[in-house]
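Counting in my numbering, the sequence shown runs from 9 upward without gaps.
Watch out, some of these pointers could steer you wrong.
For lysine to aspartate or glutamate, the following EDC-like pairs were computed, each having C-alpha atoms within a straight-line distance of at most 16 Å [to be verified]:
| hint | residue 1 | residue 2 |
| --- | --- | --- |
| 1 | Lys95 | Glu79 |
| 2 | Lys11 | Glu126 |
| 3 | Lys95 | Glu133 |
| 4 | Lys95 | Glu139 |
| 5 | Lys136 | Asp93 |
| 6 | Lys11 | Glu79 |
| 7 | Lys136 | Glu90 |
Okay, the calculated beta carbon distance ranges per label pair [stated by the list, open to error]:
| hint | residue 1 | residue 2 | range |
| --- | --- | --- | --- |
| 8 | Lys136 | Ala38 | 46 to 52 Å |
| 9 | Thr99 | Ile57 | 17 to 23 Å |
| 10 | Ile41 | Tyr122 | 41 to 47 Å |
| 11 | Ala21 | Asp93 | 32 to 38 Å |
| 12 | Arg81 | Leu14 | 18 to 24 Å |
| 13 | Arg45 | Phe22 | 21 to 27 Å |
| 14 | Thr99 | Gly40 | 38 to 44 Å |
| 15 | Trp101 | Phe47 | 20 to 26 Å |
| 16 | Trp68 | Glu133 | 50 to 56 Å |
| 17 | Leu140 | Asn36 | 36 to 42 Å |
| 18 | Ala38 | Glu90 | 44 to 50 Å |
| 19 | Pro54 | Pro114 | 29 to 35 Å |
| 20 | Leu140 | Ala18 | 42 to 48 Å |
It should be emphasised that the hints constitute simulated quantities derived from the structure, not laboratory data.
Beta carbons: idealized from backbone N, C-alpha and C, even for Gly.
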Amino acid sequence: MIKPGLMSWAMAAFCLLGVIGLNGLVFNAARGIGDDRTFFLLLGPPFIILFAYAGYVIAWTRVRVNGTHVELRGIQGWTVFEWTDIKSVQTHWILGTRLHTQNTSPLPFWPYGYGAAEVRNLFIEAEKPYELT
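Turn these sequences into a full structure, and let the hints guide you.
What follows is the structure, encoded as structure tokens:
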């Protein structure tokens with residue numbers, strides 16, 4: 009299992025602060041307070057979504073791997089995938105690292121932290137592509 013380190017938790021806290029701070033700035037801009045109203049009204053909501061997604065991936069998603077299956081924790085809890093269902097692990101330029109399976113859409117997870125090398129080695133042993141850029 010990959011467990012996030014201190015830097016990962018710091019990044020997740022930064023994302024949470026970004027969501028809270030941007031919500032306040034957008035709220036103030038909607039009320040007509042401040043000189044940068046247009047900037048925060050137009051760019052605030054997309055950045056809030058981006059910060060929220062990044063915080064979710066860093067703080068919540070986990071992956072556990074053993075010789076028989078891969079477990080991934082997401083919004084719906086732990087999901088178990090057999091090795092035959094796994095296609096690959098690939099990095100998307102904005103959506104991050106995602107687990108590609110046969111029957112589901114790509115599922116995000118945070119591949120950095122304690123235990124990452126063991127997880128990568130198990131993917132390589134199972135002859136599944138594990139591409140991190």
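16 Å Cα cutoff - pair Lys11, Glu79
holds (14 Å)
Checking one constraint from the list: CA of Lys136 to CA of Glu90, max 16 Å. Satisfied?
Roughly 12 Å separates the two Cα atoms, so the pair holds.
Take the C-alpha atoms of Lys136 and Asp93, compute the straight-line distance between them, and say whether it is at most 16 Å.
The hint holds at about 11 Å.
Could you say whether the range 21 to 27 Å given as a hint is met by the Cβ separation of Arg45 and Phe22?
Check passed, 25 Å falls within 21 to 27 Å.
Could you check the hint for me, namely that Pro54 and Pro114 are 29 to 35 Å apart, CB to CB?
Given a distance of about 21 Å, which is not inside 29 to 35 Å, the answer is violated.
Are Trp68 and Glu133 spaced within 50 to 56 Å by their CB atoms?
Check failed, 27 Å falls outside 50 to 56 Å.
Does the beta carbon distance between Lys136 and Ala38 stay inside 46 to 52 Å, or does it fall outside?
holds (47 Å)
Pairwise beta carbon distance, Leu140 to Asn36, judged against the given window 36 to 42 Å
holds (39 Å)
Regarding Ala21 and Asp93, is the given constraint of 32 to 38 Å on their beta-carbon distance met?
Check passed, 34 Å falls within 32 to 38 Å.
Tell me if the beta carbons of Arg81 and Leu14 are separated by a distance inside 18 to 24 Å.
holds (20 Å)
Hint says 44 to 50 Å; check whether the CB-CB distance for Ala38 and Glu90 agrees.
holds (49 Å)
Beta-carbon spacing of Thr99 to Ile57 - inside the hinted bounds 17 to 23 Å or not
For Thr99 and Ile57 the Cβ distance comes to about 20 Å; the hint holds.
Checked against the numbered hints given earlier, this structure breaks hints 16, 19 and 20; the rest are met.
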